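Q: Below are the chains, spelled out letter by letter.
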Amino acid sequence: MAVRIAFISLSSCNGCQVSFLNIVPWLEEKDFELVACPFIDKKWKGEEVDIAVIEGSISNKEHLELIKKLRSRAHKVLALGTCAVYGGIQGIKRLSKLYEDKFGPREFTPEPVTPRAVTDVVEVDAAVPRCPPPENFIKQALLLLSGLGSREDTKKEREWRFTTVCSQCPRKMVRIDNVRLRIDFNPAELDPNICLLSQGVLCLGPVTMGGCGANCPRSGLPCAGCAGPTLELILVRGTRPIDKISQVLASMSGRSVEEVKRILMETINAYLLHTFTASSDIMLKKPSSRLLDLVR
Amino acid sequence: MSNKKVIIDLTRVEGEGRIIIDVSSEDPKVMLVGPDYRAIEYVMRNQPINRIPLIASRICGICYISHYVASLKETHILTGTVLPPGSLATLEFANMLQHIIDNILHVFVMCSNDLSSLTKRYEEVKVLRRRGMKVFVDLMSIIREAFGSPVHPMLGVIGLIPKIDDILEKIRDQLSRAVARVKELLGEGEEIIMEAVGKSSEYPGSKGWQYLALTPKGYYELSEGNIMVTNEKGEKKEIIADELIAQRKILRYGYIVPPLDGEPYRTGPLARCVLKSLMSLSDIHKNDNSPLLYHMARYIETTRLVEKIEAILSEKQPLQESEAGLTHGVEAPRGTLIHRYTTQTDGKINVAVLTPTAINTPAIERDIRTAIVAQGTRSEHEIKLIAEIVARAYNPCFSCAACIININK
Chain C
39 MAVRIAFISL SSCNGCQVSF LNIVPWLEEK DFELVACPFI DKKWKGEEVD IAVIEGSISN
99 KEHLELIKKL RSRAHKVLAL GTCAVYGGIQ GIKRLSKLYE DKFGPREFTP EPVTPRAVTD
159 VVEVDAAVPR CPPPENFIKQ ALLLLSGLGS REDTKKEREW RFTTVCSQCP RKMVRIDNVR
219 LRIDFNPAEL DPNICLLSQG VLCLGPVTMG GCGANCPRSG LPCAGCAGPT LELILVRGTR
279 PIDKISQVLA SMSGRSVEEV KRILMETINA YLLHTFTASS DIMLKKPSSR LLDLVR
Chain G
3 MSNKKVIIDL TRVEGEGRII IDVSSEDPKV MLVGPDYRAI EYVMRNQPIN RIPLIASRIC
63 GICYISHYVA SLKETHILTG TVLPPGSLAT LEFANMLQHI IDNILHVFVM CSNDLSSLTK
123 RYEEVKVLRR RGMKVFVDLM SIIREAFGSP VHPMLGVIGL IPKIDDILEK IRDQLSRAVA
183 RVKELLGEGE EIIMEAVGKS SEYPGSKGWQ YLALTPKGYY ELSEGNIMVT NEKGEKKEII
243 ADELIAQRKI LRYGYIVPPL DGEPYRTGPL ARCVLKSLMS LSDIHKNDNS PLLYHMARYI
303 ETTRLVEKIE AILSEKQPLQ ESEAGLTHGV EAPRGTLIHR YTTQTDGKIN VAVLTPTAIN
363 TPAIERDIRT AIVAQGTRSE HEIKLIAEIV ARAYNPCFSC AACIININK
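Chains as they are written, first to last, in my numbering: chain C, 39 to 334; chain G, 3 to 411.
What the hints contain is simulated information worked out from the structure, not anything from laboratory work.
Given the structure is predicted, the values throughout are model-derived calculations rather than measurements.
Treat each hint with caution, since some may be false.
Here are the simulated DSSO-like pairs of lysine-lysine, each with C-alpha atoms no more than 30 Å apart in a straight line [to be verified]:
#	chain 1	residue 1	chain 2	residue 2
1	G	K386	C	K81
2	C	K177	C	K68
3	C	K81	G	K136
4	G	K136	C	K80
5	G	K136	C	K194
Pairwise CB distance ranges, derived in the manner of DEER restraints [stated by the list, open to error]:
#	chain 1	residue 1	chain 2	residue 2	range
6	C	N307	G	E234	45 to 55 Å
7	G	S143	C	R109	26 to 36 Å
8	G	T217	C	G292	53 to 63 Å
9	C	K83	G	G189	32 to 42 Å
Taking beta-carbon pairs under 8 Å as the criterion, some of the chain G residues facing chain C (in silico) [said to hold, decoys possible]:
#	residue
10	P37
11	L56
12	C62
13	I64
14	N115
15	F138
16	S151
17	M156
Heads up, the beta-carbon is just placed ideally off N, CA and C, and yes, glycines get one too.
Build the full structure now, drawing on both the sequences and the hints.
A: Right under this line is the structure:
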């Protein structure tokens, strides 16, 4: 019998759904049945499904009700993309209390709630972050959740969880003593073959989960952390992004960790360091993250 | 009908575009709202300038290239950066691919149920949708090959955009094959699209429009140009982006200044075809100004862009080098898209994004009302069907509706 999948979209740009559309021909080949997907005009009508795939974060009461109902009707739930796993860009509303503002014609729009990631509200069986997740990661997750996956799929799925963006970046790490630390820079003035952190530019590569192919640093743009934190940051108590980045920057600039940390604390803020993960309980409730100290 | 209000969530993107129709009187009242505010402009404002295009592309996961190009263009203007030869051509080329992909996704996949409803050729439309999906996947793999990822790809950073020749070298064969498949799909779909557009009299549009689009500046017609408006009499005028930008967000229209004292703007493929003289105003009148003509315009535009890409591939008409423009905005698949950034005294960048959805909102509302009145229907199911067909002719997804909401702050 075909594995029944419902795709549900919450607050997001819908890019994960577009990434998901890329595997629709593959789903047909593999005997998956897509019973709901907004882009192909199939709306979920509350029926039981084998796998619910959710993109986007929770932004209002309707999202909350939908997600709870879906959890009770789906055998497995897959949180797809950084918005579903960590709250995404719109999670910034939680830090800035923007969701409390009155907006829109309230009579016809749902009541806003504290922005949350799906993973913080209901139990999920698998979470595939990234903005958006590449198709092969979605395929692996679906194969594993449906029980159709092989040992090889499990291995592949585990492998990318232990990588960082740096592990796929071709730029060479070198020590440049007393390099100027900066957030804004002129891309044309940087060496395209040398690590951006080595050149003093704030890049979130060391603290961001890999698997994206490091497209941003390859093109000259520092990693913005769209895949969410590394497993180390999530699991190890006492670790936080600013410490990790400071260590790397210190070792490559010949400065002390304390000096680098002091400079960073003066120049960066939560919007910069947690652009994609600001509303996630994982970082907000981790005592050592001190995320709220960076809200300014 | 007992219910006085019909509320429709546009199902392509749940809850992001909501239409409220009040049918308690003979003259229905229609309101399109974006119930989900994502605060993207606020996030962009708090980022270093190099990172702004990356965040901007997250406004929409469907028209992400157009947002990226519009944002990059604006950051270039703000920093006084002049692109090296060949890089501007890359942005135009990427935007062309975005338009082809979106038009196929729009007509053959997202609007397939509308094509079925209009033509009653259910099985043929189903086959077309399946083929459309395969062509879409082919084209997405080209974006991945050229720019690293099919969705939210990296087109480059301020002043550092790969040159078109380097991009073409990577994808030439793959692109040639994909272009052939697009042409095949357009050939197969032509009859059904035209038959659907033939129902224009059942879905008439209102009279009195202003068509708004960028007019080509030299070779670049999607990423460069001046904003032009033409009315139904064919009178044209050029307007500057700042004339369209409100000082603060206006409820339901975002930063766009709604033409309250004039006729609503129509932007998108139909406006582009009118302003490039690919469709005549008299033909549009003959078809009752129907919004269904947007599907025909998408067909014409896709055919034209495919021919242009073929010419580039055969090197008969290489993408020419040009100076970076100083005009704001680009053409996105749904219409003219303007990102306008200005520096503030505190060093932060003030961001205003005018999405085509916001520009089209009054037009969508007016056309839904006109079609409901013309069909004289009052059943909730029929009203929903009409509203969906009309709204989706303009726009099948309302991701960027998250930018058309007011903040009382």
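Q: Compare the structure with each hint and give your call.
A: Each hint tested on the structure:
Our distance criterion of 30 Å between C-alpha atoms is met by K386 (chain G) and K81 (chain C), whose separation comes to about 15 Å. A C-alpha spacing of about 10 Å is found between K177 (chain C) and K68 (chain C), which places the hinted pair at or below 30 Å, so the restraint holds. Note on K81 (chain C) and K136 (chain G): the hinted pairing holds, with a Cα-Cα distance of about 22 Å set against a maximum of 30 Å. For the given pair, K136 (chain G) sits about 19 Å from K80 (chain C) by alpha-carbon distance, which is consistent with the 30 Å threshold.
About 26 Å separates the Cα atoms of K136 (chain G) and K194 (chain C), which keeps this hinted pair within 30 Å; it holds. Separation of N307 (chain C) from E234 (chain G) is about 50 Å and conforms to the stated range, judged on CB atoms against 45 to 55 Å. At about 34 Å, the CB distance of S143 (chain G) to R109 (chain C) agrees with the hint of 26 to 36 Å. T217 (chain G) and G292 (chain C) have their C-beta atoms about 55 Å apart, which keeps the hinted 53 to 63 Å range intact.
Remark: the range hint 32 to 42 Å for K83 (chain C) to G189 (chain G) is upheld by a beta-carbon distance near 36 Å. For P37 (chain G), the interface hint holds, the least distance from its beta-carbon to any beta-carbon of chain C being 4 Å, beneath 8 Å. Here the hint on L56 (chain G) is kept, as its CB sits about 6 Å from the closest CB of chain C, short of 8 Å. Interface hint status for C62 (chain G): upheld, as the beta-carbon distance to the closest one in chain C is roughly 5 Å, under 8 Å.
The closest approach between the C-beta of I64 (chain G) and any C-beta of chain C is roughly 6 Å, which is under the 8 Å cut-off, so the hint is satisfied. Hint on N115 (chain G) holds. Least Cβ distance to chain C is approximately 5 Å, under the 8 Å limit. Of the supplied interface hints, the one on F138 (chain G) holds, with its beta-carbon coming within about 7 Å of a beta-carbon of chain C, less than 8 Å. Checking S151 (chain G) against chain C: minimum C-beta separation of about 6 Å stays under 8 Å; hint holds.
Because the smallest distance between the Cβ of M156 (chain G) and any Cβ of chain C comes to about 4 Å, under 8 Å, the interface hint for this residue holds.
Going through the hint list in order, the structure satisfies each hint without exception.
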